[in-house]
Amino acid sequence: MLEDGPSGQSTVDEPAPEPGEGASRASGVKMPAWFDDVRKLGLGLKQLFGAQTRLVVAELGLARSGITLMLFMGLAAIVFAVALGFTLLALAGWGLAQWFGSWAWALAALAGIQLVLLIVAILVFRRAMHWLTLPASRAELAILAREAATQGKAEGELRAED
Numbered sequence: 442m443l444e445d446g447p448s449g450q451s452t453v454d455e456p457a458p459e460p461g462e463g464a465s466r467a468s469g470v471k472m473p474a475w476f477d478d479v480r481k482l483g484l485g486l487k488q489l490f491g492a493q494t495r496l497v498v499a500e501l502g503l504a505r506s507g508i509t510l511m512l513f514m515g516l517a518a519i520v521f522a523v524a525l526g527f528t529l530l531a532l533a534g535w536g537l538a539q540w541f542g543s544w545a546w547a548l549a550a551l552a553g554i555q556l557v558l559l560i561v562a563i564l565v566f567r568r569a570m571h572w573l574t575l576p577a578s579r580a581e582l583a584i585l586a587r588e589a590a591t592q593g594k595a596e597g598e599l600r601a602e603d
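At position 49 of the sequence shown (counting the first as 1) the number is 490 in the numbering used here, and the numbers step up by one without a gap.
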């Protein structure tokens with residue numbers, strides 16, 4: 442330190458600093474050996490997570506284009522399912538016509554079957570709508586509210602007596 446001139450520069454010849462030690466040598470502080478290992482670890486982690494980030498970005502792009510394909514294929518599946526349903530309905534009508542010997546009776550029987558299936562679907566739908574109201578949770582919350590109200594009244598009466 443006594444060898445430093447007025448500008449803070451040393452007159453003693455020092456070897457050129459290595460790439461990672463430029464700031465530490467310039468300030469005169471020698472970094473421990475483990476610091477270089479930590480720096481290399483940081484660079485390795487940066488490279489690893491950089492590759493992972495690029496992979497995630499690429500997969501998100503693929504997923505984004507896959508969503509459109511899924512929507513179109515879902516629409517196609519619905520169309521084909523409806524067409525299959527109509528075909529099976531026509532086959533059932535034809536079978537009933539062969540069995541009854543009359544198209545009128547076959548269509549009446551088919552309409553009756555469809556009416557029964559429609560009523561069952563409506564009842565199941567109503568039951569599912571009831572489940573959406575969370576009946577058990579609402580009952581538990583009502584019990585908690587009732588208990589809190591009675592406890593609050595009891596505490597209020599005790600304070601009034603004091």
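Hints listed in this document are in silico derivations from the structure and should not be mistaken for laboratory results. Quick reminder that beta carbons are idealized off the backbone N, C-alpha and C, glycines included. Take these hints with a grain of salt, some might be off.
Across the chosen pairs, the derived CB separations fall in these ranges [as the list claims (entries may be wrong)]:
id, residue 1, residue 2, range
1, 539, 502, 48 to 58 Å
2, 591, 498, 54 to 64 Å
3, 494, 554, 50 to 60 Å
4, 588, 565, 42 to 52 Å
5, 575, 502, 32 to 42 Å
6, 596, 515, 53 to 63 Å
7, 476, 506, 41 to 51 Å
8, 489, 524, 48 to 58 Å
9, 504, 484, 38 to 48 Å
10, 504, 554, 39 to 49 Å
Hints, one by one, checked against the model:
no. : hint                  : in the structure
1   : 539 - 502: 48 to 58 Å : holds (56 Å)
2   : 591 - 498: 54 to 64 Å : holds (58 Å)
3   : 494 - 554: 50 to 60 Å : holds (58 Å)
4   : 588 - 565: 42 to 52 Å : violated (36 Å)
5   : 575 - 502: 32 to 42 Å : holds (39 Å)
6   : 596 - 515: 53 to 63 Å : holds (58 Å)
7   : 476 - 506: 41 to 51 Å : holds (46 Å)
8   : 489 - 524: 48 to 58 Å : holds (51 Å)
9   : 504 - 484: 38 to 48 Å : violated (30 Å)
10  : 504 - 554: 39 to 49 Å : holds (43 Å)
Hint check: violations occur at hints 4 and 9; the rest are consistent with the structure.
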